[in-house]
Amino acid sequence: MTYLVNGVEHGATPRPGQCLRTFLRDLGCFGVKKGCDAGDCGACTVHLDGRPVHSCLVPAFRAEGLEVTTIEGLGSPDDLHPVQQSFLDAQGFQCGFCTAGAIMTAAALDQAQRRDLPAALKGNLCRCTGYRAIADAIEGVKHVERVGAGEACGRNLAAPAGPGVVTGRVRYTMDVAPVGDLAGLTHMKILRAPHPSARIVSIDARAALALPGVVAVLTHEDAPDRYFSTARHEMYTDDPDDTLVLDPIVRHIGQRVAAVIAESEGIAEAGCKLIAVEYELLPAVFDPEDALKPGAHVVHDKPLSSRIANPQRNIVAELHGHLGDVEAGFAEADAIHEGTYHIQRVQHAHLETHGAIGWLDGDGRLNMRTSTQVPFLTRDALCALFDLPQDKIRVFAERVGGGFGGKQEMITEDIVALAVFKTGRPVKLEYTRMEQFSASTSRHPMKITVKVGAKKDGRLTAISMRMLSNTGAYGNHGPGVMYHGSGECIALYRCPNKKVDSVAIYTNEMPSGAFRGYGLSQSNFAIESAMDEVARQIGMDPIAFRRINVVVPGDPMTAADDGPHDVEYGSYGLDQCLDRVEAALCKGPHPDLSDDWLIGRGIAAGMIDTIPPRGHRAESRVTLLPDGTYELKTGTAEFGNGTTTVHGQIVASLLGTTLSHVRIKQSDTDHISHDTGAFGSTGTVVAGSATREAAEDLAGMLLDFAASFAGARRSACKLGEGVVIAAGQSIPLAKLAQAAALAGVKLSGQGRSGGTPRSVAFNVQGFEVAVHRRYGEIRILRSVHAADAGTVMNPMQCRGQVEGGVAQAIGAALYEDLKIDGEGRVTNPTFRGYHIPAFADIPRTEVFFADTYDRIGPLGAKSMSESPYNPVAAALGNAIRDAIGVRLYATPFKADMLYKLAMEVRPAPVSMPADVHEPA
Amino acid sequence: MDINTITAVRRPRERAELWPFCEGDAWLGGGTWLFSEPQPKLSRLVDLSDLGWQPLVASDAGLSIAATCKVATLDAFEPPVAWPAARLIGTCCRSFLASFKIWNMATVGGNLCMSLPAGPMISLTAALDGVCTIWSPDGSERRVPVVDFVKGPLSNDLRPGEILRSISLPWQALARRTAFRRASLTPLGRSGVLLIGTLASRGEFVLTVTASTRRPVRLAFAALPGERELVRRLEAEIPEALYYDDIHGLPDWRRHMTHVFAEEIRLELGGRP
Chain A
1383 MTYLVNGVEH
1393 GATPRPGQCL
1403 RTFLRDLGCF
1413 GVKKGCDAGD
1423 CGACTVHLDG
1433 RPVHSCLVPA
1443 FRAEGLEVTT
1453 IEGLGSPDDL
1463 HPVQQSFLDA
1473 QGFQCGFCTA
1483 GAIMTAAALD
1493 QAQRRDLPAA
1503 LKGNLCRCTG
1513 YRAIADAIEG
1523 VKHVERVGAG
1533 EACGRNLAAP
1543 AGPGVVTGRV
1553 RYTMDVAPVG
1563 DLAGLTHMKI
1573 LRAPHPSARI
1583 VSIDARAALA
1593 LPGVVAVLTH
1603 EDAPDRYFST
1613 ARHEMYTDDP
1623 DDTLVLDPIV
1633 RHIGQRVAAV
1643 IAESEGIAEA
1653 GCKLIAVEYE
1663 LLPAVFDPED
1673 ALKPGAHVVH
1683 DKPLSSRIAN
1693 PQRNIVAELH
1703 GHLGDVEAGF
1713 AEADAIHEGT
1723 YHIQRVQHAH
1733 LETHGAIGWL
1743 DGDGRLNMRT
1753 STQVPFLTRD
1763 ALCALFDLPQ
1773 DKIRVFAERV
1783 GGGFGGKQEM
1793 ITEDIVALAV
1803 FKTGRPVKLE
1813 YTRMEQFSAS
1823 TSRHPMKITV
1833 KVGAKKDGRL
1843 TAISMRMLSN
1853 TGAYGNHGPG
1863 VMYHGSGECI
1873 ALYRCPNKKV
1883 DSVAIYTNEM
1893 PSGAFRGYGL
1903 SQSNFAIESA
1913 MDEVARQIGM
1923 DPIAFRRINV
1933 VVPGDPMTAA
1943 DDGPHDVEYG
1953 SYGLDQCLDR
1963 VEAALCKGPH
1973 PDLSDDWLIG
1983 RGIAAGMIDT
1993 IPPRGHRAES
2003 RVTLLPDGTY
2013 ELKTGTAEFG
2023 NGTTTVHGQI
2033 VASLLGTTLS
2043 HVRIKQSDTD
2053 HISHDTGAFG
2063 STGTVVAGSA
2073 TREAAEDLAG
2083 MLLDFAASFA
2093 GARRSACKLG
2103 EGVVIAAGQS
2113 IPLAKLAQAA
2123 ALAGVKLSGQ
2133 GRSGGTPRSV
2143 AFNVQGFEVA
2153 VHRRYGEIRI
2163 LRSVHAADAG
2173 TVMNPMQCRG
2183 QVEGGVAQAI
2193 GAALYEDLKI
2203 DGEGRVTNPT
2213 FRGYHIPAFA
2223 DIPRTEVFFA
2233 DTYDRIGPLG
2243 AKSMSESPYN
2253 PVAAALGNAI
2263 RDAIGVRLYA
2273 TPFKADMLYK
2283 LAMEVRPAPV
2293 SMPADVHEPA
Chain B
76 MDINTITAVR
86 RPRERAELWP
96 FCEGDAWLGG
106 GTWLFSEPQP
116 KLSRLVDLSD
126 LGWQPLVASD
136 AGLSIAATCK
146 VATLDAFEPP
156 VAWPAARLIG
166 TCCRSFLASF
176 KIWNMATVGG
186 NLCMSLPAGP
196 MISLTAALDG
206 VCTIWSPDGS
216 ERRVPVVDFV
226 KGPLSNDLRP
236 GEILRSISLP
246 WQALARRTAF
256 RRASLTPLGR
266 SGVLLIGTLA
276 SRGEFVLTVT
286 ASTRRPVRLA
296 FAALPGEREL
306 VRRLEAEIPE
316 ALYYDDIHGL
326 PDWRRHMTHV
336 FAEEIRLELG
346 GRP
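Listed in order, the protein sequences are those of chains A and B.
Numbered by my numbering, the letters in the first sequence go through residues 1383 to 2302 in order.
Numbered by my numbering, the letters in the second sequence go through residues 76 to 348 in order.
Isolated chain A (complex conformation) (with noise of 0.2 Å):
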């Protein structure tokens, strides 16, 4: 047998059941991604014969004697398909997961399906963009700007990798050939718990260990016996001690029961189906209300060292406080809403799943090239959970395929580190999409009741939250989650009386963990809205009824208690947010629609702080190479964000260069001593600001070593592309470092940040939707969002994070929902199942940002990439309730559930309404 690929003939055999996609992985075409290996994602696409597939679909022998075309094969980067180029230049990626898949879609369409891209790119999912940026690349606009020396930021900088996303040669966690110190990889696979809680009485795993190919298999008797979490924040005691890597007790289905590592990860799925295990079923509880009553089942049995605040009740974290005296404020109010909102479980879905890659080095040392926000923090997590020094584990990440929170985790290399050292073999664990959907992690599910009091003048009297946020089976992140979404969504309200009651609960549920928002995105939809309901039983528009009550500089930011914080006007943009949404939305164009559309207008507004609370450190070195480039080293990870170029861009403004003279290196533990994470928006705003003092640093070195080597005073020299200028005199940096090696100066420059004080951000969303009143159809006319980002580095990309950000939260609004039935069984672990927004569903939104200079952060700059998603749940709601006249009160809005609503429409209430709003 021969296979043609990319015009090369190869004499390989695929597997009896292979599919193309793994196939010519095996060749080496590692732009051919699995998204999720069922058909849904488009991220394998490839050409047979030039005609577009889903190579995960194909079985591998029927390519035999066509022509197959991978991406790698359609351009290089020296000749790129004129495709390969638009996407270049509209920067029509983040990530760059899909993006190998949406090119070999796009470069095969005809003119008749470049015309009509809904349903062209319907087979073409994308997590990060929000597809905008898809259709520009398509459609051939340009975005991205080429800038002089010293004028980077502020300006539309092409991402670094560009070339080698759109080419798919840049490299992800799993794109790696089993050579060299991968000689030898072995593969793993999980077998998981088909019970919600239960006892493991005996696994005999003698079968599988018989099979040929079997290398090892790992119980909990090969676990280490000590307990950790899987969430990481700087504080490990953030997070309460509560998982082993292999429990004896399972406390949801889906739970790691053994591992099997194989020859290949067929043996390794066989292996799985020969061990044997008993259980002994223990009860279980699903409702987080039921947890919390007296005699429920106890998920984690545990001491207090556990840093569990209430085992026996279930309760992981709880925070109580109030300001003022909220019973006098709603005797005051003249108008009151209260109501109890449920805000379902949202999967992160980020196209690259997780999955890890460990191997021992010549050194006896652990290397873990994994799918990670944290490599620092997951180095430090491995070091205590396997007793090793911090030199004895190097963690590191190449491009990351997406994370939202959801790599925040370390949710493969614990069971990957242990499989190593067990085995001594390198070890390959790649997560399936089931398994992501199944097995991982996903935002908390809460339910909210909000009782929010004004006066007719629109001045708020009281705002009172009860939340109960549904951990699941692990407390990781459940406190910090908790916390934040305790916080900002009330912090944002100026109102005397104040009062909190938070609780996260066990359950035995798959676990949540961090995901964008971190809490905001739910309590902001129970917030928001009700802010919108009592607007409206006063008679006031909600942007009006916004400006009379949002904090201004000057006023606390207060949430449960009035404690001391480190948190800071910065700079401050809502205002100038809340008028570009209300004039975006006055001007039009007006909707021509039939009498069968309902139309009606919401927004809602969000803060965030600009960094997590307790510490978030960052690291940065800038250092002149020999060749006259600079390098530099940051700790910070790359998963679709953007903040390489950003780094890049601070570099290349501070040293008087441009981007191309720059060679970034991050996310790797042998770089630098430490950096926390790239999450809660901070790879700009923290490692940003290491990287703007390292730059600095190192910019004062060159200017003091060229004035001695030119013997120019120091205040006539400057920095150009590729030189110093001393007293007229240009010479080159090559020079330079050839001459400070010499002299034995190192030039290298240094930067630390440690994340405090914190600035704040805003944004508004704003929507224009109509509703069917006998389809109970929703369409959004239009999506307008404002940012208060502080200085924007780099508009391109900023822009497509909003995007990005809203687009993800019509998902959750009006889509997602992970559903588990009554024995915790997660029952739509595909995206066939589980509807992430594609092309069709995402309206453009209209992007403004708020012209402010924040007094914090790097050059001005504040966080930018998660509170987008916040406030979008609420305004759609908000305008769906304005179209229809009632008020929805759990995400997500679908048709089937609002055409009985639509059909009942009366004109809606403008006066006061006597009595409370009481929940539907």
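FYI, nobody ran anything at the bench for these hints, they're computed from the structure.
We put the beta carbon where it would ideally sit given N, CA and C, even for glycine.
Among the hints, erroneous ones may be present.
Covered, in the sense of this in silico footprint (three residues per stretch, anywhere, with C-beta under 8 Å from a C-beta of chain B), are these stretches of chain A [what the hints assert, rightly or not]:
| id | stretch |
| --- | --- |
| 1 | 1386-1399 |
| 2 | 1425-1438 |
| 3 | 1500-1512 |
| 4 | 1821-1833 |
| 5 | 2155-2168 |
| 6 | 2272-2282 |
Starting from the known structure of chain A, arrange chain B on it as the hints suggest.
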């Protein structure tokens, strides 16, 4: 995805070589479903691509579609002008959740044999009075109307070892006027409700309900009914329990939309706005 339990592929070239069909065997048409989910019980694939079944045969009798006809091939079919109902072909292809890339691989027969409520090839062939030809392992064959072939979600009339050979659409059905309605919970998503009405020149009206019901439901009328008659038949022939309940639509919405669309189709084919 890889189906790691597969140890062999059989590639029959003619009818007699299709059998024996043993436990652990699976017919491999387009493979777009087989390779999309774990198949732990399969050990062998019987590849249908070398049988050489002509994808489409148009004749005076109507259109015969081979089970192995690719969706893309069907979509590209140029019908004669005397078959106005053939416009449903393109409309139904566009009712797939899957994109045109999948049409390059997926087969019409595969969609019928999956027997999912939202299968748009089921909608198409049921609405056009399609008849399935089924080959049995003993060499015999039998014919079953599409509306009877699909019995419920993931359930059909095929017996062990049987294979769907083709679907025939009679010219009489292809000559009718048609009206089409579809609803999904997402803009281009999986069908939650799909109704097709056909009107013959002599006045017979047939309403075929798919996607919203667990199996296709065909309501035939000698002439275009009045609104109340239509509602009466819908209520009589689609009991509550027949409305499908899954993540793509709640049963009461599917019922509501079925009634709304049925009336819209009645009005459209009746020539009223």
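Structure versus earlier hints, numbers of those that do not hold, lowest first: Checked against the structure, the only hint that fails is number 4, while the rest are satisfied.
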